[in-house]
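Chemist: Join the two chains into one complex using the hints; note that each chain is given alone, in its own frame.
Protein chains in written order, with numbering that gives the first Met the number 0: chain A, 0 to 339; chain B, 0 to 319.
For the record, the hints were derived by calculation from the structure and aren't laboratory data. It should be emphasised that the depicted structure is a prediction, and the values quoted were computed from it without experimental measurement. We treat Cβ as the ideally placed atom computed from N, Cα and C, and that holds for glycine. Among these hints, one or two may not hold up.
Derived, one-sided and incomplete: chain B residues facing chain A with beta-carbon distance under 7 Å [unchecked claim]:
| # | residue |
| --- | --- |
| 1 | ILE43 |
| 2 | ILE83 |
| 3 | ALA106 |
| 4 | ARG109 |
| 5 | SER115 |
| 6 | ILE125 |
| 7 | VAL130 |
| 8 | ILE137 |
| 9 | TYR143 |
| 10 | GLY217 |
| 11 | ILE257 |
| 12 | GLN288 |
| 13 | ALA291 |
| 14 | LEU302 |
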Amino acid sequence: MFNLRDWGADLWEKSSRPVRVLISLLAFAVAASLPLLGGTFLNTPVADYGSVLVFPVAIFVIMALGLNIVIGKSGLLDLGYVAFFAIGAYTMGLLGTKTSLNTWEILPIGIAMAMFAGLILGVPALRLRGDYLAIITLGFGEIVRITALNLNSIGGANGILNIPTPPTIFGLEYTFDNHRLYYWTFLIIILLTIWMIRRLSARRGGRAWESIRQDEDAAELMGVPTFRYKIWAFVLGASVGGAAGVLYASKTLFISPDNFTLQVSILILACVIFGGMGNIWGVILGAVILGYLPDRIRFLSDARLLVFGVVLVVMMNLRPDGVLPRKKREKALIKRAPNE
Amino acid sequence: MGAVVLSDFQAQFTSLTFGGLSLGFIYVLIALGYTMVYGVLRMINFANSEVFMYGTFATVVIIRDVFKFTQQSEPATGMRLVFILLVCLAGSMLASGILSIVLELVAYRRLRNRGSNKLAPLISAIGMSIVLAEFMRILTDSRYVGSPRVLEKSSLGTVFGGDIRIDNTIVIGSGLFLYIVLQQFVQKTRLGKAIRAVSMNEDVAKLMGVNLNFVVSGTFLIGGLMTGAAGFFYTLKYENTSFSIGFELGIAAFTAAILGGIGNIKGAFYGGISLGLVETYASFFLGTQWKAVTVFSILVVVLYFKPNGVFGEAITQTRA
Chain A
0 MFNLRDWGAD LWEKSSRPVR VLISLLAFAV AASLPLLGGT FLNTPVADYG SVLVFPVAIF
60 VIMALGLNIV IGKSGLLDLG YVAFFAIGAY TMGLLGTKTS LNTWEILPIG IAMAMFAGLI
120 LGVPALRLRG DYLAIITLGF GEIVRITALN LNSIGGANGI LNIPTPPTIF GLEYTFDNHR
180 LYYWTFLIII LLTIWMIRRL SARRGGRAWE SIRQDEDAAE LMGVPTFRYK IWAFVLGASV
240 GGAAGVLYAS KTLFISPDNF TLQVSILILA CVIFGGMGNI WGVILGAVIL GYLPDRIRFL
300 SDARLLVFGV VLVVMMNLRP DGVLPRKKRE KALIKRAPNE
Chain B
0 MGAVVLSDFQ AQFTSLTFGG LSLGFIYVLI ALGYTMVYGV LRMINFANSE VFMYGTFATV
60 VIIRDVFKFT QQSEPATGMR LVFILLVCLA GSMLASGILS IVLELVAYRR LRNRGSNKLA
120 PLISAIGMSI VLAEFMRILT DSRYVGSPRV LEKSSLGTVF GGDIRIDNTI VIGSGLFLYI
180 VLQQFVQKTR LGKAIRAVSM NEDVAKLMGV NLNFVVSGTF LIGGLMTGAA GFFYTLKYEN
240 TSFSIGFELG IAAFTAAILG GIGNIKGAFY GGISLGLVET YASFFLGTQW KAVTVFSILV
300 VVLYFKPNGV FGEAITQTRA
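Just chain B, with the same shape it has in the complex (with noise of 0.2 Å):
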């Protein structure tokens, strides 16, 4: 039975890496979401989840009402099919990171202006996650609702015996590209260095003349927008999603942010990643029911020795 079982992974491995690692292409740009936040303001953003299925949902309403596209529909080919996904992708990003602005703006400015306690500004992003997400099953009619297919996902070729599915390959790549813009962007960029400035030290960064609301709304923006690109890719790759889309992946993605080391941007490029395939590759062996217990054991035995996750800083003070 377990020759069986291996060599069965061994004929499959190539697929399963490359859908393992779209998946965890989505998991790292959710991951950014919560990890941008985190490093500014020392904070689970939980409703960056609500934010994720916001986008999913924008990616949906674009190919059925912009584009025209029902469940029947020929799947587009050439430059349109391309100027079809560009538009979804910045459709998406920039709903979810107008999203991310308003939460900001209405969940946690008041509290964090005040200077509150580390964990009203949590309870306030469940309240806001619940109104986010019960917002959408109202709406919905709490039905999963599946995307018209506009990509054809044929097979750019085998490697290995695998097959390299198309929707995969601009998965990965376009992930991959939006993370070394992310990474340049908070590098080179003015807001960038704002933002890393506030995330080392909040007081002195602010006595150098930063403006703090300022850098937290870039930081909600940014963190949105990536956040808004997994939503699109999200439906891209599965063609469905539903007002619960969000609890699922944000906890996974969440857990990727602290495998890596929750506030550092490299951390949640390989949390992600790594989580990606973890849980492919346990899917597979395991049964997908057991896939979680994976995960979370698999942080456990990480944390045990890491800390701080992979990437992380030590964290001299933290409270609750």
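Pulled out of the complex, with its shape left as it was, chain A reads as follows (with noise of 0.2 Å):
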């Protein structure tokens, strides 16, 4: 069967870097120019075009990317993740609403206050292994929805309003309804998050990661810190959530509770599995196809949801392993380990 992944894998090892150069900056183009595609077969029938793409698309790529170093690179199942996203986005629509911080000063805080949050989780809960460390996740992030939903000093479950835009550069003006401007900074924050992924990928952590998901035992026992590694992975991809939240909060300006239901964590990994678990493009095509596709189906109103299940189902009966799966090299290694 002809094999996509690895052959646009092949295509760019062969390729000189002149030729790399351009490939990349191709693809740059093309993502660049969505938003101008508006007019076409690619537009969604009732909501704004250039909305969805901002959200859900762009925001479901930045967390599905973050979600894809705890789960693709580290294999640790976690169904809590839209805390670190909720966590990002009040921290920016509470220091937004209540100081002069603007949105780039608050970014930072954001990731930290992420990856504060996925120390305090990551140390009791990655103790634990595979399904336990599920539900252990998943009921953080129910805990911090419901503690957000109850605490009237944080807007209880009318949420926070009137969050301030991001400041005005090289005087283009992010007003609300200025899609294209949001969408183009988002993608410069995928690229710089596709650029963090890959370079720690390509080092000691990455390779520690990826030993911890293929045999965690077998890495404790080579000599890998195992824990420490795992933590490094949850509270990175805490970092990436967190960012995540803290462009949404102001993007959307308004936020409640209800934007942080489990409901998202799942779609999240579903974009990461559906796309290719572990490999960054396959993640990414998953959380464009999962983010666009039930806007796209829109017209057929009230059973697009239905429709959206039945192609889950349906792909990853055809495709286990995601519309772009890691190398075959990798996926060789992990046939042959021992009780799989």
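Modeler: Below is the structure:
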């Protein structure tokens, strides 16, 4: 069967440096021109096409990239990823409305808060494995949401209104309906995230994550400090989620606990696995498809989530490793592992 | 203030405990659905919550359309009541059991036979869960569906000043009965032994001549039957249902299964009972809005000291 992933990897590995630069620029140009294609078949019938590209698509891509560090790279099943997204968003909401700090100043604070939460959760939770970890993280996500819902000092069920937009840069004003500017800003953040993940994966940390994912006990025996690297993966994943939260709050200008339900965690998890766990490009593709699809098929109105579910089931049965799975070389390693 | 609450608690302790126990048994039955499948396939059957939801609707349909009860009808009495309750129980169990088998055939079998990674069935399950819930949402127009009252919720008497309501008694009694039947089934019968063999070691069980596909279908059927019974009890106790009920109860029941140690029938039992009680007491002291937070906080503490659940075995080889 034709394997897009291997074809792409081959093409990249065989190319010379100038060709690689050309491919990258081309890919970037395509991604950057997406908001200009509003009138074509890509258009979303009901929601504004430009705004769909920003949320859910771009935000989903950022979150899926972050979750991919936790689940795709290190194999830790996290069902409460929305918690970090919520913490980022609430940091933006609270500091944005109560202090004079702007979005770019709050961004590092939001990331730090999410990382701190990741640490607090990670230390007890990462002693657990597999499905136990899944339910603990799920519980953490719910605790964060319900706490936000019940604490009236941070808005309670009403949420936070009138969150400021990012300040004007280079004379460009972030108005609520200037979706293209938001999209291009988020695209830069996405590129930075990809760059960070690629750099980290190529180094000691990346190899440690890979070994933990394949066999945690063997990794521990080989001298990999597994607990420390699991915490690292968790905290880094949280930082990306927190960044997505800050940006989201700064775009929608209104947040409430309803935006941070378990369904969001599950949807992002679906993006990662649907696209191809562990492979950055697959994950991005998955997030783009699953973010965009429900709005594209909105003409089905009531049945659109039903169709969405059918697509998930059918796709997973046809391609269990995702649309763009990780490289065959790595898959062969997993196949040979005992007890699999 | 604290003293007043405490004396209130003493006064209501029996009613609360009784209500908590009956909620606990509903959790136990759903948790059995999760835990049976997990024991055999090492997989979270995410769509089990929707199997439960369809069980609640099966009861409503039987009461409304087979026995022609309406919201104005008089509750049934005597032998007719017993007959109606038994038919509802059987109907819900059957509906959920069949749905559960179909679920496995559609969503998991192909993936399992191909030996896919561990997470693909999870996403397939989430997809099925969305499909089932959305289908019911469209059918019911996103509304809550009330169940006509068949059982007069009279009190059987008071113990230490607390009401012993008949519906709670039925739920607790039948729940306990079903649990014991299941336990005996798994211990004594041929299929039960095959299920245990597969959950211990799939490869060796296959070599010993166990028909894996049959055992897996059997496991889903039994899990579905238990979950369907929970659906009936839920409808009897709360007298309404909606498409979103599966999600709410499913998460709690799954938590209960994990709390006791997933893959372990005894674990589901104690996990479910404790969760039902803790939830009810916590709602009394802190208000219902903090219920879920209490439950999950307890889960974090328990798992911190017992990382495999209270009755769980060590998971030596678990990968996401």
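Chemist: Checking against the hints above, which ones are violated?
Modeler: 2, 9, 10
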